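Engineer: Given the sequences, and given the hints that come with them, work out the whole structure.
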Amino acid sequence: MNNKGYLLAETCAALAAAGICAVIFYNGLSAFAVSWQNLKSDLLLYRAARYSQSFIEHELLLNSSRLKITTGSNDKIVCTEVYGNRQVTFYRSSGALAREIKYNSTRGVNPLSLAEVTLQSIKAEQLAADKIKITLEFKDNASGRSKKFTEVYVLVNGSF
1 MNNKGYLLAE TCAALAAAGI CAVIFYNGLS AFAVSWQNLK SDLLLYRAAR
51 YSQSFIEHEL LLNSSRLKIT TGSNDKIVCT EVYGNRQVTF YRSSGALARE
101 IKYNSTRGVN PLSLAEVTLQ SIKAEQLAAD KIKITLEFKD NASGRSKKFT
151 EVYVLVNGSF
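Each residue of the sequence shown is one higher than the last, beginning at 1 in our numbering.
Think of the hints as simulated: they come from the structure by calculation, not from any bench. Fair warning: there could be bad hints in the mix.
[What the hints assert, rightly or not] Cβ-Cβ distance ranges computed for the label pairs, FRET-style:
# : residue 1 : residue 2 : range
1 : Ala16     : Pro111    : 56 to 62 Å
2 : Asn141    : Gly84     : 35 to 41 Å
3 : Ser143    : Thr71     : 27 to 33 Å
[What the hints assert, rightly or not] Each computed DSSO-like pair below joins lysine-lysine, with the alpha-carbon atoms no more than 30 Å apart:
# : residue 1 : residue 2
4 : Lys102    : Lys76
5 : Lys102    : Lys131
6 : Lys76     : Lys133
7 : Lys139    : Lys123
8 : Lys148    : Lys131
9 : Lys148    : Lys123
As the structure is a computational prediction, the values presented were derived from the model and not from experiment. Glycine is no exception: its CB is placed at the ideal position from the N, C-alpha and C atoms.
Structural biologist: Laid out in structure tokens, this is it:
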């Protein structure tokens, strides 16, 4: 019997099946890499939002006796402290959340955002006499992805 023809056909079929498996594996691997980058970017954005919101939450819930919102292209949240002569203002400055602290005649500004992200916008809205809704929009500088984060805070020590 002549088995040479069958051996060549079996080799070609095995190489074709291996090629198809390689293409399927490559497509799956590239889709995984893209979704991994998106997941990594989303985690960075969530981390930046939690970091920035923690400072706002600390001032609003623990220290503020009076709150004022300045609306416009760049909303500002002005907190007058329970302790008296201290005033804290949150606003967007150069793509970062900034906290300006005025105490008597001295003034200091602290950037509160991570370097890997840019704060696109900050919006504040009064919902009730003791509730405020703050929306922060962050953009990942590496991937270009952006997300909005909204949080409602209940003022414990004061009101508007």
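Engineer: So, for every hint listed, does it hold in this structure?
Structural biologist: Each hint tested on the structure:
One distance hint, 56 to 62 Å for the beta-carbon pair Ala16 and Pro111, holds here, with the actual separation near 59 Å. The beta-carbon spacing between Asn141 and Gly84, approximately 40 Å, falls within the hinted interval of 35 to 41 Å. At roughly 31 Å, the beta-carbon separation of Ser143 and Thr71 lies within the given 27 to 33 Å, and the hint holds. For the hint linking Lys102 to Lys76, the alpha-carbon distance of about 14 Å falls within 30 Å, and the restraint holds.
A hinted pair counts as satisfied when its Cα atoms are at most 30 Å apart, and Lys102 with Lys131 qualifies at roughly 24 Å. For the suggested pair Lys76 and Lys133, the alpha carbons sit about 13 Å apart, so the restraint of at most 30 Å is met. In summary, the hint linking Lys139 to Lys123 is supported, as the alpha carbons are separated by about 15 Å, within the 30 Å threshold. A C-alpha spacing of about 19 Å is found between Lys148 and Lys131, which places the hinted pair at or below 30 Å, so the restraint holds.
Simply put, Lys148 and Lys123 have alpha-carbon atoms about 10 Å apart, close enough for the 30 Å limit, and the pair holds.
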